[in-house]
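S.K.: Starting from the given sequences, assemble the full structure and let the hints guide the process.
Everything in the sequence shown is counted per my numbering, starting at 881 for the first residue and increasing by one.
Derived from the structure by calculation, the hints contain no laboratory data. Predicted, not measured: the structure shown is a model, and the values here were computed from it. Hints are supplied without guarantee of correctness; some may be wrong.
To be verified - List time: in silico EDC-like cross-link candidates among lysine to aspartate or glutamate, alpha-carbon distance up to 16 Å:
id, residue 1, residue 2
1, K901, E885
2, K896, E881
3, K902, D923
4, K893, E881
5, K917, E905
6, K896, D909
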Amino acid sequence: EVISEKDRCGQCKGEKVVQEKKVLEVHVDKGMQHGQKIVFQGDADEA
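M.R.: Structure, rendered in structure tokens:
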């Protein structure tokens, strides 16, 4: 999909994705397996 220049947002410039750095506090429970996934509620999937 091509987005016309006048309709592009200033933050993503029409790429539909923005990068951001975020500091997360993670609590690792005793007995968790190596490679076990931790879900961060409210965060979207990475592109």
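S.K.: Next, verify each hint and record whether it holds.
M.R.: Here's how the hints hold up against the structure:
1. K901 / E885: violated, 26 Å
2. K896 / E881: holds, 10 Å
3. K902 / D923: holds, 11 Å
4. K893 / E881: Satisfied, since the Cα-Cα distance of roughly 13 Å is no more than 16 Å.
5. K917 / E905: The given pair, whose Cα atoms are some 15 Å apart, holds under the 16 Å limit.
6. K896 / D909: violated, 36 Å
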